[in-house]
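Visitor: Read off the chains here:
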Amino acid sequence: MNAGHGAAGFGTAHGIDTTVLGENEIILNMGPQHPSTHGVLRVKLRLDGERVVDSECIIGYLHRGVEKIAEHRSYPQFAPYVDRMDYVAAVSNGLGYCEAVEKLLGAEAPPRARVVRTILAELQRIASHLLWLGTHALDIGALTPIFYAMREREEILKIFEKYCGARLTTHAFRIGGLQYETYDTFERDVKRFCEDFAQKIDQYETLLTENRIWIGRTKGVGVLSADDAIALGVTGPVLRASGVEWDLRKAQPYAAYDRYQFEVPVRENGDTYDRYLVRIAEMRQSRLICLQAVEDIPEGAIMARIGKVLKPPPGEVYHSIEGPKGELGYYIVSDGTIQPYRVRVRPPSFFNLQAFHRMARGAMVADVVAIIGSIDIVLGEVDR
Amino acid sequence: MVLANVLFYFFALLAVGSAALMITRKNIVHAAVFLVTTLLATAGIFLQLEAEFLFVVQILVYAGGIMVLFVFVIMLVNLDIEVRAVRFNGQWKVAGALAFVLAMQVLTALWLGRKTFHLPAPPTALAARNTEAVADALFSHFMLAFEVASILLLVAMIGAVVMGKRRAE
Amino acid sequence: MVKRGNGEEPPDKRPGEEIEPDASRGASNVLKFPTPHKVESEAAVEAAKPARRVPGSAPREAPPAPALLDNELVQRLRDRFGDAIREATIDRKQAIVQVDAGRVREIALACRDDEKFEMLVDLTAVDWPKRERRFDVVWNLYSMTKNERLRLKAHVAQGESVPSVTSVWVGANWPERECFDLFGIVFEGHPDLRRILLPEEWHGHPLRKDYDILKQDTEWVRENLGIESGQ
Amino acid sequence: MHGFFQSVSAIIWPVLCAVVIVLLLPLLAGYIVLVERKVMAHMQARLGPMRVGPHGLLQPIADALKLVLKEDVIPMNADRMIFWFAPVISVTVALVAYSALPIGPAFQIADLNVGLLFIVAVSSLGIYGVVLGGWSSNSHYSLLGAMRSAAQLVSYEVAAGLALVSVLLLAGSLSMKEIVQAQLDQGVWFVFYVPFGFFIYLVASIAETNRAPFDLPEADSEIVAGYMTEYSGFRWALYFLAEYANVIIVAGLATTLFFGGWLRPLTRYHDHFPGTSIELLDVVPTLLMIALAVYCFRLAPKQPVRVQKRVMAAAGVKCLLFAAILLAALFGSDAVRQGVHGAFWFLVKVGAYIYCFMWFRFSFPRYRFDQLMRLSWQFLIPLALVNVIGVGVAIVLRERLGWNPFMSLVPTTLATLGCAAWLTAEESDFSEEAESSATVGGAEATANRGGE
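Residue numbers (our numbering), protein chains in the order written: chain L, 1 to 384; chain V, 385 to 553; chain Y, 554 to 784; chain F, 785 to 1236.
So that you can see chain L by itself, here it is in the shape it has in the complex:
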């Protein structure tokens, strides 16, 4: 089983040597049941006092074999499962999967469906970032932002609920388009939310952005350089906070993103504070996208004519979208039957979490929770 132990130490997470402890060193197991490992992440820390000498992430506590399940379901049957991976951003997961299968089929959703998808995906990005903001602030000891964030997230979840009846694991989209037409006041709801939301973001920023303690806790903590980030396959806000201006919505537009004006927020220091600023700025941009999109939703069909039984011709496809946490990719291999031969999910959190080891070097215990929070992981997605 343990074949292939090569030379140790390529810089990413490898097992901690627990046999040789220096003077005053202790091994601390954070998790899998710990208030701020966001689910069931287990972090093994080797501490010198409160300083981290070495760290190792141990994952898999939430492994459900989603990729194996996919091989025993038809294409549409598997769609609800993807919602359960990044369960705080189910809409984005669904979007990625549906578009990947559409690509495999050689079909494309009609314009109306694509715009609605864009709106919902952006709302989901805001919701996901809000949940991140709240829990991240809570980890750093600010008790209040989470309740403000939850208040706004609730509005988004209400829109989801009105649209498709579910709040968390929405299964909002279908392969080929949408199952449901938008409800009567959809545009008004989205618009009202977006208009109120600008001021709400200001509220969060009042509490945190220029707070000395917040700056002290996040600036210079968990620094990840641009080169490291790319080498580690880190994507999303974490990558952009390291100074790489790269966003799949701009680089390889999908859904209807090529229609809208928005900016990609980038920061240069790659520390926890910059990741915070990038996500805050992203929420503002998402809000702008929603406002633009909801102004002008094209009329027309919501479903492409793809047939009821989906039998993609043999072949394979990789399709990725910019999820709230980074590049969310689906690699699907078809053997021409109604069931996918292989579905591989490229979860952004999995790759981003890999960078933790590098960020945590020399940090203190308190920084560890700040760093984990700033990576914004969802274990459902890391473990699948």
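These are calculated hints, taken from the structure and not from any lab test. It should be emphasised that the depicted structure is a prediction, and the values quoted were computed from it without experimental measurement. Any given hint could be a false lead.
With the C-beta cut set under 10 Å, the calculated list includes, among others, these residues of chain Y facing chain L [said to hold, decoys possible]:
no. : residue
1   : Glu-671
2   : Val-674
3   : Trp-681
All residues carry an ideal CB built from backbone N, CA and C; glycine is no exception.
On the provided structure of chain L, position chains V, Y and F as indicated by the hints.
Guide: For chains V, Y and F alone, coordinates are given in the frame of chain L:
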């Protein structure tokens, strides 16, 4: 007066008893706890002598300050080794002999000076403003000694910082 | 600030890249969508009507079958590695280069340094149990400089090991462990090849096609309880 | 009436006070928790406890019952004796400290002539409960919490002590009663004389009671619950009680030293109701309580359940009862009036101080350990030293040169302000340095990667 005597013997027994326990405990944290008890009992005796200032300083400095640092350091050290260490090794015979000689000396001294041995009358007039009295004494009669002591402490502190820094590097 | 793969810069139209929307995007408020497939434009014609779906009907136009790919990139790789580059195809506008499993590390290094595929987006495998060399190991690369994707693929037999690319992209560490965990593919030179998602004492590799949880369960019951499983 | 007080005050009165404090404190702590939860909830756009009793009024009782009935778990490898004893130390010393705290001129167990030092000394012993509890649990989280706590308390005691010294210099006494008397005599609360002394004490007292943003010993997101991680049930409740008892102690200390203790605001305003000896301002407490009672009565019919209606009405009746006591005291002797009204004002000020604690707790993120230490040693302690020296100079100016007391303290405040500004500038220099070194570190890491 009965109450005062009862209190005195209570504090005295507590002090001596926990001091004895302190040196016989194998667990170093337990020993520290008993040392704290000794210090507090001594503080109680100070209070009985109406030396309120000393009473408070005893608690504040020794029990509340120095012993906290003791415990802090003890917790950092690996305790298992201390617990397993043999307390009474081959030197105990020599130590016993020395202790016996010392005890004899003390007893002789007590016997010789037994005529002068009596408890001092409890102070009464002084008590009301003894904090001021301490301050006055410190800053007038013993000014030089006080300053020398403070310089000594300063030197010790700087020395500790320098040594600590060097080891960190 | 590193500016990479920004949509503002027109990417070159080499094969092996994602479809770029046409130039009119963002120009006006009128929504014009790129129409790369006929299916979609037909859907647009039937705009007002709700979607009419015929049961069992196949998509109107099947995506083009995988075709051979022969562009400068493949040429350069062929020049350099010769036979190690087996077959290059393009499937659904995505470039796939099949390579010799033994030389993957060098090829990866060349891709990273000379061809500017800085990022290993994903590393995975596919199991084809009936094939002689049953596994496809797949490396998904992305070039931020060129905004282009490339998929390397190698056929690997059971028990055969693949060179690890952790020295090329440090981020390959966990995906390789996952691959080892779920497929049992051994990556030579990996710093710490252990199971990652499953517990250390797990038997078998679940993503193999011949992995059968029911069979395992029956065996376990027989071994540990001494009875025939009722399943 | 007057004679009664004097005869009682000899020995029965202190014992009575002690019994009342020991009995009432858990209840008071429970209700402070309720208030804290309600305040927190309203700051966070939600309602807080609403189910047990109207507006959660019976929640503390339910919580206390739950805690007492819970299983008392002792970890297997714990040091049982110390594990058992540690929470008791915490609570005991917290309660002992009350013996010197004057809650109004009449309610004080013992007027020590070193009262202030006594309270500081005894509360400094509370650390043993925390440290020993953390150590005896035999858990890494507990140990980390205990070590953080020890280092934090020792550091902040210095700053708090120095801040108190500035008041001592002004009052010229260590007795709590005399400090209040000095404020009455000088006609001004000391917070106006030494605002920086108050500021330093405020920060240090939050740190000493382990409350956010200095709640590192029990930082839930980092070390689970710090020294309390392995405690449950009643023992845990004891720690909780000790924490809130300490909060009340530091609030009481701050009130006495900086806010004139039991003195009512505008002590020098002495207008009477025509024809009586009752001062106009002394009616304010009664009116406040009546207003509160009216509020309760208005809320009572709106409660959904009958029990809740009754409890709410009972709360209203209680307020009326307090109002009656306050009113009756007006017609009593001076000692009675001052005793009752003094206690009222004292508790109001303590409440305001505790409210500040809560407000900070919900507004600020938590400090990191090194930042916490730096704040104490590199900011508060130098500041407090400058402040103390300044106050000394001011007293010389006042007594030898006959300056106006306010004018003489202006240079002190300005000097401390200047020092604070300078230290803050230093600190931001420092953090910029740290930032640049972090960038260099990142670059090195990149370079290293190339070599791998």
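Visitor: Does each hint hold? Answer for all of them.
Guide: Evaluation of the provided hints:
1. Glu-671: This interface hint holds because 5 Å falls under the 10 Å limit.
2. Val-674: Holds: closest Cβ of chain L sits about 6 Å from Val-674 of chain Y, inside 10 Å.
3. Trp-681: holds, 9 Å
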